[in-house]
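> Residues per chain are reported as follows:
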Amino acid sequence: MDSSLILRGVRRCSTKRFLAWLAPWAVMAGIGVFAIGLCLVKGLNQTNMDNRFAFGLWIFLDLAVIALGAGAFFTGFLLYILRRDELRAVINSAVVLGFICYSGAVLVLAVDVGQPLRAWFTFWHPNVHSMLTEVTFCITVYLTVLAIEYLPIVLKNRQLRKVPSFLVFEGELHKLMPVLAAVGTFLSFFHQGSLGGLYGVLQGRPFAFRDGFAIWPTTFFLFILSAIATGPAFVLLTTSIVSKISGARLVRHGVYELLAKISGWLLIIYVGLKSVDTIVWLNQTAPRSGINPSQFYAWQPFGTWVLIVEIVLLGLVPALIFMSPARRRSLPWLLTGSVLACLGVALNRLVMTIQTLAVPTLKFEPFMTYWPSWQEVATFLFVIAYGVILYSLSFRYLRLFPQEREMQKY
Amino acid sequence: MPNRGWMTFVVGLGSALALGWVAFPRLQYRTIEQPLQFSHKVHTSEAVGMTCEDCHSLGDDGRFTGLPSMATCEPCHTEPQGQTAEEKRFVDEYVAKGREIEWLVYARQPENVYFSHAPHVGLAGIACARCHGPHGGTDRLRPYQENRLSSYSRDIWGPSPTRLRRAEWQGMKMTDCSSCHDAHGVRQSCLTCHK
Amino acid sequence: MKFNVTRRDVLRFAGGAAIGTALSPMPWNLTDDLAIWTQNWSWIPKPPKGERATRTTVCALCPAGCPVEARCIGGLPVALRAANDGAALCPLGMTGHHLPHHPNRLTGAVGITRGERRPAAVTTDMVVRETARAIRSARAGAGSVVVLDTRPGRSGSWAWRRLLAGIDSAVVAAAPGLEGASLASLDTMLDARSQSFGLDLRNARTILSFGAPVAEGWGQLDLAAARESVRLVQVEPMRSRTAESADRWLPARPGTEAAVALAIANVLLAEGLVDTTALSGTDEFDSYLSVIAGFSPDRAAAIAGLAPDEIFATARELASSGPSIVVAGEQPGGGPLGRPAETAIFGLNLLLGNVDREGGIVGRTPLPAPGDDAPLTPLARLDEIPDHSVALVIIDASAGDGVYPWSLVARKLSPKGSLVVALSPFLSGSAARANFAVPTPPYLETIHELPTSFAEPVASIALSAPLLPTRSGAVDPVAFMRSIARAAGLDLAGEWATTESLIRERVARIHRAGSGTVTSPADGSATLVAELSTSDELWDALLAGGRWSAAPSNTMPPRTMRITGGLGTALGELPTRATATPRPTGTLTLVPRATRDTSASAAVSPVLTKLYQESGLRGSTGTAVLNPRTAASLGFAAGRNVRLLTAAGAMRVALMLDEGVMPGVVEIVVAPERSALGEKTAPGARTVLDLLTPGNEQTWSAVDAQLLEG
Amino acid sequence: MESAETTRARFAMVIDLDRCNGCGACATACAVENNVPPARPSANERTGLTWQRVYRASNGRQFPENRSVYFPVSCQQCEHPPCVSVCPQNAVDVSPETGVVSQIPVRCLGCRYCMTACPYHARYFNWFDPKWPDGMETTLNPDVSVRMRGVVEKCNFCHSRWQAAKAKAAAAGKRDLDPADYVPACVEACPEKAIVFGNLDDPRSGVAKSAKSANAFRLLEKLGTEPKVFYRSDRAWVRRLADADVAVQEKEATRG
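Order-wise, the sequence lines are chains A, B, C and D. Each step along the first sequence adds one to the number in the numbering used here, with nothing skipped, and position 216 is 216. Each step along the second sequence adds one to the number in the numbering used here, with nothing skipped, and position 1 is 1. Each step along the third sequence adds one to the number in the numbering used here, with nothing skipped, and position 460 is 460. Each step along the fourth sequence adds one to the number in the numbering used here, with nothing skipped, and position 143 is 143.
By construction, these hints were calculated from the structure, which means they are not laboratory data. Be a bit skeptical, because a hint or two may be false.
Unchecked claim - One side of the interface only, derived from the structure: several residues of chain A facing chain C at Cβ under 7 angstroms:
hint, residue
1, Gln-115
2, Leu-117
3, Arg-118
Stated by the list, open to error - In silico DSS-like cross-links for lysine-lysine, where the CA-CA straight-line distance does not exceed 25 angstroms:
hint, chain 1, residue 1, chain 2, residue 2
4, C, Lys-49, B, Lys-97
5, A, Lys-42, C, Lys-680
6, C, Lys-46, B, Lys-195
The C-beta atom is built at its ideal place from N, Cα and C for all residues, glycine as well.
Kindly generate the complete structure, drawing on both the sequences and the hints.
This is the structure in structure tokens:
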């Protein structure tokens, strides 16, 4: 039915099967839209956030998807700036993933703020000292960049290619790619860092506060590093999952190995620096703020096990897997490593968001925990459903994996 | 027809410009007539000889008493002083019945703004017309225009759809306040004006 | 020419339109206006505009009657503060101007059926007819008539007694749980039922209080200011604000107050610290001595869970630094301690010679009655009225309310048929439990009278001037009485037709007597009544926030003293019973806890949710507080929802843990019920008070309870 | 025209914790003065709006040695406020005339970043639309604007009273206000006179003297926020509660 839209030379499932695949995700998205509507119309009392947990599930989601979306800019950086041409095999997919992650994050942010209609005030009356201003500017601009990067992929669709001016336009855009990649890299480095800085500058929250260099706390650099370390792992993970689900070979194994190798080296650097940072923080930064650091981990469920899991199990272990050439040759090992690495960055963002707020500062304030409301969860799931749907459509109708057609021949 | 493409483009451009510059500014505001016509000119004329302060005064605590209540008007207007129909209506419907007039205040600042006349008029010596324009010499009260979305008076932004000011006294936006404060070296912060 | 609209044309048109729109003010103004719309939503309330003025009145929300300065905009009050320098209002008083707008304000008479979500609107005439019918059947022998007065001593209180004078079985009783209710036991002991007396707290040097919130404004003693001159000993199981600020705190177990008092008396006698020659001939003195002899400090200390030294020290302090005053009970929300305990406690005043003494218990001339010398219905205590005997209860909550378990009233009602009619501005508290409720004007909408408060050493009166017009639908209580009189054929002669005319008459009589002074709230200056030429001048001075006080007279007429008030052996048994009854394991003592301010009114401002709902400062209703050790022994953690079980039933409560709570005790927070805070709930919903079944002594200050899972 | 330069002041308060008995009058007066709406039925102590919140803390000992202290905590008006630099759109700044940290609800986006930045939990979010029972809007204070849902708000030392005092001074031709004309509602309402308020820069003011007294302290001083709300107590265990070096609370409350 829609075969005229599908790329020549690749196999895609029947329309019926495709619709059956989309249906549950559409339902999930529909529930999410309802929840979002409730939050926008009735206000944020629909969530379980409160004055203490001013940030909740949604901010965690934003931070996590933006970290995972780093695969887009970093792959672009490696391909267009560092000229790692092997990565051309995944760049389109990475761009689509990046676009999904960033647009999803912006969408959730719009629901998360109390007054979305005033969002433009940040541009009109910006406070240049705020990390959040930096984040807002960079994310908005970078989302535009991603949209422009996404455009040529869309325009390469079989039917759209028939419009000659689109082809010209697409060609022009293509020449622009290295420039966009450079801009995207710059912006991304900055806002990934700013997201870390967001917490690191919180002088009043010793759990999050870090010393740093110039105006940047260490979390600024750690967030960049953890994002670029897990970005390739996320591209690897999604590519192999898509390959599994679609039953098509999409890229050569060498691409996986390269992604894993990059991820591995960056992860090991990250784990090293994160460990140094943790030691300095626990022994110097926090005590200087008048906090006994043991207090950070005195409250269940946030014991020291969280720290160990984050650094060792979800940091060091995937790094070692990725760094071993023997393990890299095995797809199951690569998948294990990717899952661990992605969970690691998510756990880091979760801890920075939730535990920062849960640990009491005033001695007479109780420790509190937080559990999201169904509206928050449904909004979270909406972003996932939206991502799956958009990616599925892109995968079906656009050329996300240039190597796919060649691989089909074998 | 090589120009047809441009034609459609220009038609699109033109209709959008017309909509945005002509139709939209009309739709944006609701026009409401004042409950009564009042001539500042007659009252401030030499024959009557009143000043702004006779009706719009400051209290001892520095609070602006705003518009005069019936108590200020009544002593002169128990009987009509002139021949206008509007004054007769004023005497019959308001003075005789002891009703207050619900004036629509052009210069009313938004609820979140704290503005005190005392430092501006008292300490800085700013004349009424500096912000209110030649209002004291008008013969008629112009209709009140209310923004349909924000429900603020049009005088806040001034009459121009560009929201740029033509005269010094047109517009009472935050930037108008703060530029004057800046010019006169008033140390300011949000709380200087906001409540 | 054929004009085919192609896709390309549409795109071009759209392109042009987009550029044109961007170049016009429309998108930018719309964005701006939309943002401003969020700053000016039509559903956000707009504060009033108008001229600013200050006016003075007197707070009528509790018997204290604090002078109030109201900041008014356009004549309507927007903020209240104390009118006298250096004073301050309590949270209830500060928000009094919200009450006329309370969501549970009655706008017309209603009939209430238990279990129905909404009360049914009825006419006031119908309530009058039903009340008259109940009076007629009471006269025919169907039962007695009781008026529950929530603010005794008002002109309106006198009018009730005057109205019911013709009915043999009628009594007027103070509502249970009112401040000063315990002092009625002192009346009995001093045989002073027709006499009025006060506590000269300001001149006392030692105050021994069994649970009274003395440091929280009870008795109008500014304890903070009097810190240097007054020594306070507090006997109370709870770590109240008063207990914490007392010079000595004896944390006696709940229900063991009498044992402590008797042991103190034991020490006083054993160590010869008091001279009892004047008392030796007094009625029942010998039996009193024998009861005291049974309570050695060691035995009482064991019963109360105290160190015997504390009892010795307290007795010696009392004897050495007089004059002293001993007060019993008066715990807000907890009601009186019961007559046997009160007798044991007040007995100390007699032993110590505190009666008829400056800084002790002093006589005071009563306020003049507002009317003629016609016979009046007797006053009674509710516990003196036999159970199941009442055909008609009229609750006059027009000036305030009490906090008490409704079962206290319910048990009095005749099973053969009864009627409960309430007069109240609000459909909460007592009114929500009646069969009919008639709306009366609230504070600030009519003149309210603040007669002599229970502890004051001299008679006084203040008037609360209205600042708002009375809303239509409100019925004046005295006018209501006259309608009842007409319908039931009762004699209610006199010129007065309304509460105001009655109060005017009382003020005129004060003026005629010509003694005393009026104190202005603003500067504290006093004017002699004798200098005022007309009673209108006195009236105006009172309406401006002034308070008239009688000239002090510290002498009481000679009277008979009855030490135990004829209670016989109950006194001896009481403290033993409190601890000796075998209780199943896991049984805890349930102690209600309320704050003084909000226990005085049937409705409080919804803004007090700041204290009861939006912060942990005062637990919300349904919060139970336990010592962590007690909780651990029962296996409960904080924040858990548990079932609280008493002989009266069960209720779900949220647990809070606090090391400051006595082990083995459950403190239950008696916060204003949800409807009193302004929430729309079914009238007369059960509250924690309903779990506190009064025992035979009709007290509810300590009740056995169990905490269960689920 | 002459320069409209105003004098600089640093308003501050000293709260005597030995006098405070936790009656809640300050919190109530604050809500009345600043048009803080009553709670919605579903609001609780975690979603409520109390600009002046009174916390109870104890010496941690067992009954009957247990003693409590009440900490009225409002915005601490820090000299180095952690909340100002984080606001993305300048809805928060420090008034140079008063030293008061502002929060302008109409500029606020509702991102709540300032709330996460404040270690004193002194900032509150309007989770609900403000709603008073019908008719009660006539009791609102016209000097303070009502906030809409979705924005952050907090104590500003009753800024409207400062505005009124300034206007009164201006009407009398003066630039400096009379200290007696500017007293925040909580200070005025305290029955125990536990709060001293005034200008820290004026060495003769009671607040400047009390703030320097031996037993005065500030909350979480080691964070370097330099609050202008001081506390004082003669009890050492109370003063120890100011720093967060040891965990004492074991209460846990889960919502959701």
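> Going back to the hint list, which numbers does this structure go against?
none
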